[in-house]
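A.B. asks: Here is what each chain is made of, one letter per residue.
Protein chains: 2
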Amino acid sequence: MSKIIVQKFGGTSVGSVERIDAVAEIIKNASKSNYIIVVVSAMGGETNKLIKLSKHFSEDPDKREFDALVSTGETVSSALLAMALHSKGIKAKSYSASQIAMKTTNTFSKAKILDVNAKKILEVVKDNTIPIITGFQGITEGGDVTTLGRGGSDTTAVAIAAQVGALRCDIYTDVDGIFTTDPKIVSNAKKLDSITMEEMLELAGQGAKVMQTRAVEFANKYNVPVRVLSSFNEGNGTLITLKDESMENALVSGIAFQKDQIKFTLHGVGDVPGTAFRILGPISDAEVEVDVIVQNVSVDGKTDFTFTVSSEDEDTVKRVLENVKNDISFKELIVDSNIAKVSLVGVGMRSQAGVASKAFKALSENDVNIQIICTSEIKITMVVEKDLVDKTVEVLHKEFELEK
Amino acid sequence: MSKIIVQKFGGTSVGSVERIDAVAEIIKNASKSNYIIVVVSAMGGETNKLIKLSKHFSEDPDKREFDALVSTGETVSSALLAMALHSKGIKAKSYSASQIAMKTTNTFSKAKILDVNAKKILEVVKDNTIPIITGFQGITEGGDVTTLGRGGSDTTAVAIAAQVGALRCDIYTDVDGIFTTDPKIVSNAKKLDSITMEEMLELAGQGAKVMQTRAVEFANKYNVPVRVLSSFNEGNGTLITLKDESMENALVSGIAFQKDQIKFTLHGVGDVPGTAFRILGPISDAEVEVDVIVQNVSVDGKTDFTFTVSSEDEDTVKRVLENVKNDISFKELIVDSNIAKVSLVGVGMRSQAGVASKAFKALSENDVNIQIICTSEIKITMVVEKDLVDKTVEVLHKEFELEK
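Order-wise, the sequence lines are chains A and B. Following my numbering, the numbering of the first sequence begins with 422 at its first residue and continues without gaps. Following my numbering, the numbering of the second sequence begins with 422 at its first residue and continues without gaps.
Hint data in this document are derived by calculation from the structure and do not stem from the laboratory. A portion of the hints provided could be inaccurate.
It does not matter which identical chain is meant; a pair holds if it fits inside one copy or across any two.
Said to hold, decoys possible - Listed below are the simulated DSS-like cross-link pairs for lysine-lysine, each with C-alpha atoms no more than 30 Å apart in a straight line:
no. : residue 1 : residue 2
1   : K484      : K524
2   : K484      : K470
3   : K825      : K739
4   : K512      : K739
5   : K449      : K473
6   : K453      : K476
7   : K531      : K509
8   : K449      : K512
9   : K512      : K524
10  : K605      : K779
11  : K541      : K512
12  : K524      : K540
13  : K484      : K680
14  : K812      : K782
15  : K484      : K512
16  : K512      : K531
17  : K512      : K476
18  : K680      : K509
Only a predicted model underlies this, so the values are computations on that prediction, with no experimental measurement involved.
Starting from the given sequences, assemble the full structure and let the hints guide the process.
C.D. replies: Dropping the structure here:
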């Protein structure tokens, strides 16, 4: 029996009726050799249009209603894609989250997938019909509609691929694959044929913007091979491999960067046990993902505690810090939005020393000041001034000869 | 305890975010003296935009997908209206058909309501929260999304009013109430303060366009008082009374007309028992509503069988007649779309003769040729050439002094 492949199409891939026709053609061809399950995002721009409507009533609309509103974009695109397949003689049916029981937590706008009715999906597949499933959407136990957060359709696709035991999950997007860095900034950035899941995790988290971190984590956890490829151009894309299968690893695989970041510094906080938890606990409870965390050396029992979050979480973090102000005494709260992150990623870093110092030397020679440094086994993250991001990426790309 | 009123807002009433604000104000005021349940249509124009998208793929798209697609308009407006109420300090929650188990038949695009979870709706009401329910939508037993056909939101509202035992169902629209005829055609057409359910049934069926026939039938069947009023202007609208409560009835209450009609004539059909059934049975099975039906006097065992349907059903009827051609022998099929219907409606007709002859005389004096005449207890319907509709309505409005 042929195997199942889950194909996910993002917003630009289905951005117009003509694009939906093109996607239907891709699905039709793929369905000749495999069973296909499709996950689809809203037509490009539609979600933003809906968000704009909601902003008329409130800057911070009720999240239950917000999710009910924005999830309609996926319902529209899934029905249209089913129609496009019918017009090509292919049997297909659209399914909303409710219809395939895509159960999630009840954290509106940032819901996490708990379960999905794989049996129902497989019944459709067995009927030689292609299920076109709405990405991004979920439902709570009580039947409320939730959404998985920006880029959530990737997670939907991987979760379904895991549950139905798919051979592979193909993430169709508007880029040809994963590059050593953004080709818009470094013109000779190179497409990678494969990348390890670990490297991809670091790249996605750092804003490579090709695939959502949570989706990569899901793929990693459930051993789902993922391929990232273009729905616009032919090509094999980049395969995200479960294990590191290449004999020799490049020192650095790619450079990621992220501009929509904000830096909070609690100046003069007491350097006592539990401080980090008392600050980050409530922020985590508010479902904000904290990224770089640095605590400087203590002076006179006081220290500076710094962390970065996505710009969109600025108000939430401010509110949380206001609430916990009495628990954590600090002298001053410094908020800096004129920052960005740049990260070098590569499994090769594990075994080879000197990557960090090589990077810092190159940046220093090019007058780039690094505000914060944070390293892990396969990643070096640097926080720099927002205006210096492009330069930083260029310098590092050249230094590590990624164009080769 | 105060009583429940169901308020339904049509597409023009919620046609923009500003209109949604205005509607929220109406709901807020009404909620001071009664419990309110809201039923809402899609924002004006949105459903047509979605239909246009679907037409790219097929002139006759799969109805299951079509319904999934077009039902999203109501989901959008219900969520936005809930947000608008929140901004005014009112507790409200949007509910889709799926969430309140609005069960229907599985006749996509023309589904009929079977049941609704009134208990769930009343639980929301008891929690001092206004439920904002999507009109037009339903779900089948199997969980597929259906729609109730054009104007279906009226039916949703009346069905819910019946199930929750509401005091009244207020249908908010863009007109001030029910008029003796269309004010666009007869400038001194008069607004009626009340009208009987029977008269309204005839008017709605004949295209008064204010409220869907099925909704009036529902209201009639379940004894739900309905009021039609404007969401744009203040005023009490027109109350559709259960019984005829006025002492004296006007001879003619109003004039309705409908231009989007098509006439089918089966010429030379056998005048044998069962002919009408063999023609109309399959048409009814195809969910097409047949309107005026006339069978002419038989000559030599042959007769002419004529009926009118809505223009949108033209293709369906042609297909059905093609299929039954062998069962029913006829000489020729004549299809005429250059027609329209005009109807005089009034409960007073019951007890007073001469309305028909008075109407025919006035029309004859004004050179209007009547192609088909069809009378009932409280209605006289005439089929005329499409171009003569306005003239016919004007002549009759003047003849029966409806401006007074």
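A.B. asks: State whether the alpha carbon distance between K605 and K779 is at most 30 Å within one copy, between copies, both, or neither.
C.D. replies: within (24 Å within a copy, 80 Å between copies)
A.B. asks: Regarding K512 and K476, is the shortest C-alpha distance of 30 Å or less found within a copy, between copies, in both, or in neither?
C.D. replies: between (39 Å within a copy, 18 Å between copies)
A.B. asks: Checking K825 and K739: alpha-carbon separation at most 30 Å within a copy, between copies, both or neither?
C.D. replies: neither (44 Å within a copy, 67 Å between copies)
A.B. asks: How would you label the pair K449, K473 (within, between, both, or neither) given a Cα cut-off of 30 Å?
C.D. replies: between (35 Å within a copy, 24 Å between copies)
A.B. asks: Is it within a copy, between copies, both, or neither that the alpha carbon of K484 lies no farther than 30 Å from that of K524?
C.D. replies: This pair counts as both: shortest intra-copy Cα distance 17 Å, inter-copy 27 Å.
A.B. asks: Could you figure out if K680 and K509 sit no more than 30 Å apart (CA to CA) within one copy, between two copies, both or neither?
C.D. replies: neither (42 Å within a copy, 36 Å between copies)
A.B. asks: When no copy is named, should K524 and K540 be tagged within, between, both, or neither for a Cα gap of at most 30 Å?
C.D. replies: This pair counts as both: shortest intra-copy Cα distance 14 Å, inter-copy 24 Å.
A.B. asks: Given a CA cutoff of 30 Å, do K484 and K512 count as a within-copy pair, a between-copy pair, both, or neither?
C.D. replies: between (36 Å within a copy, 14 Å between copies)
A.B. asks: Quick one: K484 to K680, C-alpha cut-off 30 Å, is that within a copy, between copies, both, or neither?
C.D. replies: Classified as within; 26 Å inside a copy, 45 Å across copies.
A.B. asks: Since the copies are identical, ignore which copy is meant and state whether K512 and K524 lie within 30 Å (CA to CA) inside a copy, between copies, both or neither.
C.D. replies: both (26 Å within a copy, 26 Å between copies)
A.B. asks: First find the shortest C-alpha distance between K512 and K739 inside one copy, then the shortest across copies, and answer within, between, both or neither for a cut-off of 30 Å.
C.D. replies: between (51 Å within a copy, 27 Å between copies)
A.B. asks: Can you tell me if K541 and K512 fall within 30 Å by alpha carbon in one copy, between copies, both or neither?
C.D. replies: within (16 Å within a copy, 36 Å between copies)
Checked against the numbered hints listed earlier, the structure breaks hints 3 and 18; every other hint is satisfied.
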